[in-house]
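Could you build the full structure based on these sequences and the hints that come with them?
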Amino acid sequence: MTGDIRALLARHLPDYRVRSVRRLGHGLDNFVYEVNDELLVRRSRVSDPEANRQEAARLAAVRELSPLPVPEVVFADDESGAIAYRKLAGTPLNLHQDPHFDPIALAEPLAAFLSAIHGAAPARMRELAPLDVYPAPTLLQDAELDYRDVESHVPAPHRALVERFLGDPPPNGPGPMRFCHNDLGAEHVLVEAGAITGIIDWTDAAITDPAHDFALIYRDLGPEVFEQTVTHYEFEVTDEDRARVLFHARCALIEDLAYGLSTGPRHYAEAALSHLPRTFE
1 MTGDIRALLA RHLPDYRVRS VRRLGHGLDN FVYEVNDELL VRRSRVSDPE ANRQEAARLA
61 AVRELSPLPV PEVVFADDES GAIAYRKLAG TPLNLHQDPH FDPIALAEPL AAFLSAIHGA
121 APARMRELAP LDVYPAPTLL QDAELDYRDV ESHVPAPHRA LVERFLGDPP PNGPGPMRFC
181 HNDLGAEHVL VEAGAITGII DWTDAAITDP AHDFALIYRD LGPEVFEQTV THYEFEVTDE
241 DRARVLFHAR CALIEDLAYG LSTGPRHYAE AALSHLPRTF E
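So that you can map any letter, position 73 of the sequence shown is 73 in full-length UniProt numbering, and since no number is skipped, the others follow by simple counting.
Among the hints, erroneous ones may be present.
[As the list claims (entries may be wrong)] List time: in silico SDA-like cross-link candidates among lysine to any residue, alpha-carbon distance up to 25 Å:
no.	residue 1	residue 2
1	Lys87	Ala10
2	Lys87	Arg22
3	Lys87	Val32
4	Lys87	Ala112
5	Lys87	Ala116
6	Lys87	Ala111
7	Lys87	Gly3
8	Lys87	Arg58
9	Lys87	Gly25
10	Lys87	Ala57
11	Lys87	Arg11
12	Lys87	Arg17
13	Lys87	Ala193
[To be verified] Have a look at the derived ranges for each label pair, beta carbon to beta carbon:
no.	residue 1	residue 2	range
14	Tyr16	Glu227	41 to 49 Å
15	Asn172	Leu24	35 to 43 Å
16	Arg22	Ala89	14 to 22 Å
17	Phe235	Arg126	17 to 25 Å
18	Pro265	Phe75	24 to 32 Å
19	Ala123	Glu151	42 to 50 Å
20	Pro122	Glu151	34 to 42 Å
21	Arg19	Glu227	41 to 49 Å
In short, the hints are calculated from the structure, not lab data.
Note that CB positions come from ideal geometry on N, CA and C, so glycine has one too.
Below, the structure is given as structure tokens:
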């Protein structure tokens with residue numbers, strides 16, 4: 001596969017000297033490669049030229065909206081489903097190791113970021129991002145199926161918390177739909193020296209319930225950071241919104257637990273188990 005990446009670079013950047021290509025990792029839909037410690041090339045498992053074109057256009061629009069750095073596209077190869085970006089500074093928050101780091105410092109910049117992208121005109125962004133309306137009852141059913149696969153890995157004292165959630169009715173449907181990152185987990189927030197240096201991976205961006213973005217802040221950074229983010233957020237967050245945030249945070253945690261224990265990196269499962277008590281209490 002690294003040979004394919006070298007061929008793409010030769011085609012689109014013929015004067016660029018490639019010294020090194022290494023695979024950084026993969027997700028459900030993509031592989032990611034690092035080139036010369038300065039470029040990242042994301043290649044889809046299944047080529048979708050229209051989706052590739054849409055993502056490149058979406059990133060250009062997001063760069064105009066976002067007060068935080070987002071990837072700058074160097075080239076897009078629609079036929080192969082590849083996009084190359086300039087590498088942003090920083091380490092993914094889920095891999096960041098600093099015993100003195102206080103995530104509460106991220107609340108205000110995250111609020112400014114979410115206010116900016118959620119404030120984008122949906123009619124404009126609808127051309128660049130799909131509508132994502134996944135019914136809460138179906139999401140709850142999916143969460144229960146995932147949980148039954150990994151139940152034995154959940155410490156016995158915490159199983160009652162999860163099972164009580166799975167037995168409760170899902171929240172009401174969302175209010176106004178907005179343009180969202182839609183996968184704002186800690187792995188997609190870059191940090192350096194206690195500050196956010198970038199928001200990456202916009203593949204799942206959609207017009208959807210803003211609770212999806214807040215839910216992963218709640219899951220990965222905790223309820224205190226979530227509440228502080230809401231304090232600085234431009235739009236009103238109602239009690240019904242909070243109920244949906246908590247619902248999506250819990251479903252997302254179960255999904256990460258199942259992913260980390262099956263095909264994904266193990267650290268997803270470890271983080272899910274670590275965050276389970278505060279997310280389900």
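A quick look at each hint next to the structure:
1. Lys87 with Ala10: Holds, because 19 Å separates the two Cα atoms, which is no more than 25 Å.
2. Lys87 with Arg22: Holds, at about 14 Å.
3. Lys87 with Val32: Judged against 25 Å, a Cα distance of about 12 Å means the pair holds.
4. Lys87 with Ala112: holds, 23 Å
5. Lys87 with Ala116: holds, 23 Å
6. Lys87 with Ala111: holds, 24 Å
7. Lys87 with Gly3: With Cα atoms ~20 Å apart, Lys87 and Gly3 stay inside 25 Å; holds.
8. Lys87 with Arg58: holds, 18 Å
9. Lys87 with Gly25: holds, 15 Å
10. Lys87 with Ala57: holds, 18 Å
11. Lys87 with Arg11: holds, 20 Å
12. Lys87 with Arg17: Roughly 16 Å between the alpha carbons, so the hint for Lys87 and Arg17 holds.
13. Lys87 with Ala193: Distance ~17 Å between Lys87 and Ala193 Cα, so the pair holds.
14. Tyr16 with Glu227: 41 to 49 Å: This hint holds: roughly 46 Å between Cβ atoms.
15. Asn172 with Leu24: 35 to 43 Å: Distance hint for Asn172, Leu24 holds at roughly 40 Å.
16. Arg22 with Ala89: 14 to 22 Å: Because 18 Å falls inside the window, the suggested range holds.
17. Phe235 with Arg126: 17 to 25 Å: holds, 19 Å
18. Pro265 with Phe75: 24 to 32 Å: holds, 28 Å
19. Ala123 with Glu151: 42 to 50 Å: holds, 44 Å
20. Pro122 with Glu151: 34 to 42 Å: holds, 39 Å
21. Arg19 with Glu227: 41 to 49 Å: With Cβ atoms ~46 Å apart, the hint holds.
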